[in-house]
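Novice: Next come the chains, spelled out residue by residue.
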Amino acid sequence: MNSIKKISGIVWLALGLYAGYFSITSIGLPKFTSGMAGNQSDLVFGIIVLFILTPIIVGSLITFGYYALSGDYNE
Amino acid sequence: MSENKTSNIRSVIAASSVGTMIEWYDFYIFGSLATLISTKFFPQDNPTAAFLSTLATFAAGFVVRPFGALFFGRLGDLIGRKYTFMMTLLLMGGATFLIGCVPSYESIGFMAPLIVLVLRLLQGLALGGEYGGAATYVAEHSPDGQRGYWTSWIQTTATLGLFISLIVIMVTKKSMSPEDFNNYGWRIPFWISILMVGISYVIRRKMSESPLFKKAKEEGKTSTNPLKESFGNRYNFKFVLLALLGATMGQGVVWYTGHYYAMNFMKTDCKIDGFQVEEIMTYAFLFGTPLFVFFGWLSDKIGRKPIMLAGMLIAVLSYFPIYKSIYGTTSNKNRTEIVEKSTSAVTMAPDKKNPMDSVRTTKTHKEFTDGAVFNETKDEVILSDKSKTAPKPKVTAATKIPDNNFWWLVLLVFFQVVFVTMVYGPIAAFLVEMFPTKIRYTSMSLPYHIGNGVFGGLMPAVAAYLTTTAKGTGPTPTNPDWYLQGIWYPIIIASVCFVIGLIFLNNRDREIHD
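If you read the protein sequences in the order shown, they are chains P and R. When you read off a place in the first sequence, starting at 1, and then add 520, the result is the number in my numbering. When you read off a place in the second sequence, starting at 1, and then add 354, the result is the number in my numbering.
In short, the hints are calculated from the structure, not lab data. These numbers come from a predicted model, not from an experiment. Among the clues, some could well be false.
Claimed, not checked - Some chain P residues flagged as far from chain R (calculated, every beta-carbon gap over 10 angstroms):
no. : residue
1   : Met521
2   : Gly540
3   : Leu549
4   : Phe552
5   : Met556
6   : Ala557
7   : Ile576
8   : Val578
9   : Thr583
10  : Tyr587
Unchecked claim - Some chain R residues close to chain P (C-beta under 10 angstroms, calculated; not the full set):
no. : residue
11  : Val417
12  : Phe421
13  : Asn587
14  : Phe591
15  : Leu595
16  : Met603
17  : Ala815
18  : Val816
19  : Tyr819
20  : Thr822
21  : Ile845
Glycine included, each C-beta is placed from N, C-alpha and C at the ideal position.
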């Protein structure tokens, strides 16, 4: 189980990076830009994704992945 | 357990639960009245924008919850559990009462949404401090081997708070005309809160401090800097992360899908009569709530992990069929219209805002062979100045569904409440058991409020956005399955959480005397 935990650390790190890239380039920035141009619902959604969800998801997944890879969760 | 101890823990549960339930009630009235509030405090030109703004304000209350968890959690670990959650109770009650007093956008302009936003933030801060305190307080009074059972009573309070908010709204609506409710009646549920908070304050004042905290304080073992010890210490922080990613994140989205999204979906996407939707939710909560206690009790026997993860997995696998069935059951396209009973009436009147313009109101009434009744009111502004573009027509439509559809929907929502009870019933005990006494309040509150408040609380706003985008603005939806797009969010989050929980959580740690 310990080796699965360690190897999965790479998955969480990669997922964190991909989630950050995807949520910024495909959702957050486009919605924020169209929101600034006047679309209020896009603005609300852009703010939620860019400034709330992305930092939490990316930060927690990358740190968690790093800890898992370092063996912090081993028993 | 001796009779004396049982009676003591019962009074602890009662005093803690009543206060926590009132705080949830306060927090959820806003969400239950979101559609109406959007018309009172936000610009009226664009109803969708108004609705989303309300959801955003609603979401603001959730986003600020982790900050409340940090602020009050720290206090709880420094000065004690009891005094801290007395403070959160008063803060919540005051903020809720004042929301009911704020003049509308028409009276004071942009100050109205601004004041509402500030009060909503205060509500979020208070709730951020309340739950962790109540869960810790009850857990620290509970005997070993029964912690899941006793803390599950605290877990019923969120659903009961929502349930009571719906009951109060329904009773208020029933006791006056729709116009009166629209004008001032919606404020009554906010005002009632101050009475309930007063009663709860009196009950809580008589409670004593948690025995474990008292002992730690007497022995000088309390933390001097709970924030640093919780999040600056790698050993503790790794458990905070695990609690978030392997449990509370999935729990949050399952909770809000089963409670709020189900309600918004039936009202906004399926256009079922609002009163009927509230009745459906009320029945589902009524039948489902005892299961919190059942799963809490079961978690003492077989462990917290299998129950929480099973709830997440079943939810992920069931959401598509459930929401497809809700939409199919309520779609008028699947019904046969009784053409001779259908009516359509058009009236013209001067526009109240600009008497030079006029408003054409079209009222459509349709009846169906299965007993369903559809009513639609469409208000179109006809401008006197033809060179200007008229605003989009305002359409209010609702279908009153027949009994067989009603009970089928109760069952479908009940299933979702069962998933909620599985993931949520054991989670207070699970979180409490993860952290030591001296930093327990702080450490368990943060992952709970990020998972439940941020991931879960944003669920209705994110899902509403995904659905609206997939539907498009034209007469034909851009995506034929537009109504299902919102549930991708809880499915993805709960799936990731399930996998992390499966690999990393252990089912053994039940010790809290440290």
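Novice: Would the stated hint for R/Met603 survive a check requiring a Cβ distance to chain P of less than 10 angstroms?
Specialist: With a minimum Cβ separation of about 9 angstroms from chain P (threshold 10 angstroms), the hint on R/Met603 holds.
Novice: With a cut-off of 10 angstroms, does the beta carbon of R/Thr822 approach a beta carbon of chain P closely enough for the hint to hold?
Specialist: Interface hint status for R/Thr822: holds (7 angstroms vs cutoff 10 angstroms).
Novice: Using Cβ atoms only, decide whether R/Ile845 comes closer than 10 angstroms to chain P, and label the hint accordingly.
Specialist: violated, 15 angstroms
Novice: R/Leu595 was flagged as interface toward chain P. Is the shortest Cβ-Cβ separation under 10 angstroms?
Specialist: holds, 5 angstroms
Novice: Tell me if the interface restraint on R/Phe421 is satisfied: Cβ within less than 10 angstroms of some Cβ in chain P.
Specialist: Because about 12 angstroms separates R/Phe421 from the closest Cβ in chain P, which is outside the 10 angstroms limit, the hint is violated.
Novice: At a threshold of 10 angstroms, is the proposed contact between R/Phe591 and chain P supported by beta-carbon distances?
Specialist: holds, 8 angstroms
Novice: At 10 angstroms, judged by beta carbons, does P/Ile576 keep clear of chain R as stated?
Specialist: violated, 6 angstroms
Novice: Checking the smallest CB distance to chain R, is P/Phe552 really beyond 10 angstroms?
Specialist: holds, 13 angstroms
Novice: Since P/Met521 was said not to touch the interface, does its Cβ keep a gap of more than 10 angstroms from each Cβ of chain R?
Specialist: violated, 8 angstroms
Novice: Can you verify the interface hint for R/Val816: is its Cβ closer than 10 angstroms to any Cβ in chain P?
Specialist: OK, holds: R/Val816 within 10 angstroms of chain P, min 7 angstroms.
Novice: Please check whether the beta-carbon of P/Thr583 is more than 10 angstroms away from every beta-carbon in chain R.
Specialist: violated, 6 angstroms
Novice: Minimum Cβ separation between P/Tyr587 and chain R greater than 10 angstroms?
Specialist: Violated, since 5 angstroms does not exceed 10 angstroms.
Taken one by one, the earlier hints fail for this structure at numbers 1, 7, 9, 10, 12, 13, 21, listed in ascending order.
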